[in-house]
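The chain contents come next:
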Amino acid sequence: MTASLSRRRFLAGAGLTALGITSSSLLAACGGDDGGSTGTGTGTGKIDFWLDIQGDANQKYFNENVAAAFEKAKPQIDLNVTYYKGQDLRRLIQTALQSRSGPDIVRGPSATQTLAWSKAHVLADLTPYAEKFGWKEKLSSWAIEAFTMDGKLYALPMRVDTMLLYFNKTLFEQKGWQQPTDRASLEALAAEAAGQGITPFGSSNVDWKAAGEWLMTVFWNHYSGPDALRQALTGEIKFTDPVFVEAVQLLKGYFDKGWISGGVDKYFAVPSQEIGANFGKGTVAMVPQGNWWMSQVGQYFGAKAKNQNEWDWMPVPALRPEVKHPLFELGIGGSLAINEASKNKDAAAEYLNWYYGDRTAALKRMADVPSTYNIPIDFSDDEIPSSIDPRSGRVLTSLNKAVADGDYGFVTWTWWPPKTDVFVYEGLEQVLTGKMTPADYCKQLDQKFTEEKADGTIPQLPAKGSGK
Amino acid sequence: MSATAAPVATPGARRARRRAAVVGWAFLAPLLLLNLFVVLGPSVATVYYSFTDWSGLGPATFIGLDNYVEAFGDQKVRQALLHNVIWFAVFLTVPGAMGLLGAYLLSQVRRFQMLFRAIYFIPYVVASVVNAAVWKMLLSPTSGIGHLLGIEQSWLGDPSTSLLSVNFVVDWHFWGFLAVIFLAAMQGVDPSLYDAAKVDGAGAWQQYRHITLPGIRPTMVFIVLMTVIWTLKAFDYIFIMTEGGPAGSSEVVATLMYKQAFNEYSAGYAAALGLSMTLVTAVILAVYQWMRKKGWEDA
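Protein chains in written order, with this note's numbering: chain A, 1 to 468; chain B, 1001 to 1299.
Everything labelled a hint here was simulated from the structure, so no lab data went into it. A portion of the hints provided could be inaccurate.
[To be verified] With a straight-line cut-off of 25 angstroms between C-alpha atoms, the simulated DSS-like cross-links for lysine-lysine are:
1) A:K85 x B:K1259
2) A:K119 x B:K1259
3) A:K448 x B:K1076
[To be verified] Now the in silico label distances, taken between C-beta atoms and shown as ranges:
4) A:Q273 x B:V1126: 48 to 54 angstroms
5) A:T82 x B:L1101: 45 to 51 angstroms
6) A:G258 x B:P1123: 44 to 50 angstroms
7) A:K281 x B:S1043: 26 to 32 angstroms
8) B:W1172 x A:E192: 41 to 47 angstroms
9) A:H121 x B:L1101: 55 to 61 angstroms
10) A:K453 x B:A1097: 53 to 59 angstroms
11) A:G151 x B:G1073: 46 to 52 angstroms
12) A:D455 x B:I1119: 55 to 61 angstroms
[Said to hold, decoys possible] Beyond 10 angstroms from chain B on every Cβ pair, some chain A residues (computed):
13) D56
14) Q59
15) E71
16) V245
17) A269
18) K304
19) T437
Keep in mind the model is a prediction, meaning the values are calculated, not measured. Even for Gly, the Cβ is constructed at its ideal location relative to N, Cα and C.
Given these sequences and hints, build the entire structure.
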């Protein structure tokens, strides 16, 4: 082992430390160069994996059904899993990657943010492994292309994301409300609910600052539409186009009417747990949230939550006649990559291949834990295990259909460039508090997007039409 | 007449002195090495990176003073600095006044003084993340204290109250610490001064103003200095309770730096901001030292 400490690595590690970030960079940098290989060897020994799975039950599930199952299948590899909180994990991994240390398997953020990591050359090129293990045949092409830059695969998509409109089914039945499918029926329902003292839509950015982009994703897709978004993301039209500005105005209008969380001030202050509890009780009628929320929403309903209510979900209504319904946004929530500095890349690749390669196990995980282990693999509806919660199963079949028909939209955290993506929710706060007009917001968004697009920091969009 | 001969350093004495020096340096060496790694190294790196366009990952590009020029005209930086100034003004006066009052009241009681000291001090020893999380719930507009009292105010969600609301929580956790510090200082004031003042007919307020406050002046000056530094470092409560929001209404320079480094991938710019704040702190410390030398602290 050679002990080398380059000037760049010394300064880099020290720089982040000086910014107030705990870093073991200097010591780690003494560890020498990586001894891993790419695309060769069988891979044995210990591999580290840092994850952000929260809650004892969820961690227990991962330990037993993923980590232990993998070690049983590959007894020569020791998978060492450490759990962190979501935001902490990203900061820790980012710091560790820069100092050429950290886990062997990198649980990265969304596609667009992982792209920024890849451009900094801290992630290993997975192309040789993809060829060796045939990952391109095992994973959906639209998802794997999102993580391909200049012909190199730099990460694997972790979870398929979409946005849903959850609703309190019992409340709807009691009030005789029908599921809205267009803007007119949605607004009529919202007005009626508000008139009865029920908050039409629950949302909060208290526990997740980026929650604003969930709302923008909904309004841009279901008002502006996926065609306009595709044109903007490919540079054919600008984000200053009225169709995008109007979507922001519409969202702000809903806030101003008090339809979302009772108003802007509450959206910024009421914790999401409280929103969930009110949703369960029926004082909040609907919650626009990602499919990942399906694994948590159940806690607010039934005996545990001391109510008799039931929940369900519906596709987000079309907010303009030109937009199709149902329409599902498509995106990737997180990524799995291999640390460029890993000394055991082959073993890390073995894990990825096991995780993505066993279709039966993957489908079972999807059925066991709603919308948490939804890796983007192609499967037919009849392959979904019958043990799955029907509501969760409906998400899988709906997404399958959306991809097959080409009726899908784009989530901001996958298809927007990284700095533009941050501006989507940071800038939205300025709009909601009246410090910026929707037109100025879209203008600044467009400026950032144009700069990043020119730099090539933008994921590859799925081809138009039917995907796979 | 007596004459004192200059001591002659014998070789043995020189050896002993040298040995003592070597032993002293040997004891200091671990700390010096540690400082070299965790203070000097990062400091040098920060200076370097502040002149670069660096995402926080990968290589950096030298851009001269561009980061500083950008920071000078950046509306977000100006707003954050203004918030730091407001934070300082409130953080200095409110807990300071409460600390002085609390210390005085404590000094007047004999029974249960230790109990009250402990009660005042408890919020200070509770982890900031716990305090912040609890207060975040207590300040909820739909289930918090205000709601129970019939006050419809979103303390953390309203841009006009978010900064002061977080500051209130920080003041709440901090004033007890100041009370204990001031009490310790008050107990160091010569009791005979109070006896003499009483003989001269001074009332309680006059004793407090003319004996107690001058008596604890060095402590107060030190606290002012530390408040400046703590203000520039303000981060944890703000980050946990509002993350600088809504819309930057509670953003201070430290939270802005964090966002620039980790969310915006502008670690070079964040380094420039950090270095600028370090320079501000250094100037304040220099002024403090200069005033001490002038005897202002003891005047």
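Structure-based check of each hint:
For the hint linking A:K85 to B:K1259, the alpha-carbon distance of about 18 angstroms falls within 25 angstroms, and the restraint holds. Between A:K119 and B:K1259 the alpha-carbon distance is near 20 angstroms, which keeps this suggested pair within the 25 angstroms criterion. A distance of roughly 16 angstroms separates the Cα atoms of A:K448 and B:K1076; the hinted pair therefore holds under the 25 angstroms criterion. The hinted range of 48 to 54 angstroms is not satisfied by A:Q273 and B:V1126, whose Cβ atoms lie roughly 21 angstroms apart.
In this structure, A:T82 and B:L1101 meet the distance hint of 45 to 51 angstroms, their C-beta atoms being roughly 48 angstroms apart. Separation of A:G258 from B:P1123 is about 36 angstroms and departs from the stated range, judged on CB atoms against 44 to 50 angstroms. Between A:K281 and B:S1043 the Cβ separation comes to about 54 angstroms, which falls outside the hinted range of 26 to 32 angstroms. The given range of 41 to 47 angstroms is respected by B:W1172 and A:E192, whose C-beta atoms sit roughly 43 angstroms from each other.
Checking the proposed 55 to 61 angstroms range against A:H121 and B:L1101 shows it holds: the Cβ atoms sit about 58 angstroms from each other. Look at A:K453 against B:A1097: about 54 angstroms separates their beta carbons, and that is inside 53 to 59 angstroms. A hinted range of 46 to 52 angstroms is violated for the C-beta pair A:G151 and B:G1073, which are about 40 angstroms apart. The hint said 55 to 61 angstroms for the Cβ distance between A:D455 and B:I1119, and at roughly 57 angstroms that hint holds.
With 10 angstroms as the threshold on Cβ separation, the claim that A:D56 sits away from chain B holds: the shortest Cβ distance comes to roughly 19 angstroms. The beta carbon of A:Q59 sits about 21 angstroms from the closest Cβ of chain B, which is more than 10 angstroms, so the claim that it is off the interface holds. With a cut of 10 angstroms on Cβ distances, A:E71 stays outside the contact zone with chain B, its closest approach being about 31 angstroms. Residue-level check passed: A:V245 sits 19 angstroms from the nearest beta carbon of chain B, beyond 10 angstroms.
A:A269, annotated as away from the interface, has a beta carbon of chain B within 10 angstroms; the closest lies near 3 angstroms. Annotated as non-interface, A:K304 keeps its C-beta farther than 10 angstroms from every C-beta of chain B; the closest such distance is 19 angstroms. A cut-off of 10 angstroms between C-beta atoms confirms that A:T437 is not in contact with chain B; the least separation is 13 angstroms.
Comparing the model with each earlier hint shows violations of hints 4, 6, 7, 11, 17; every other hint is respected.
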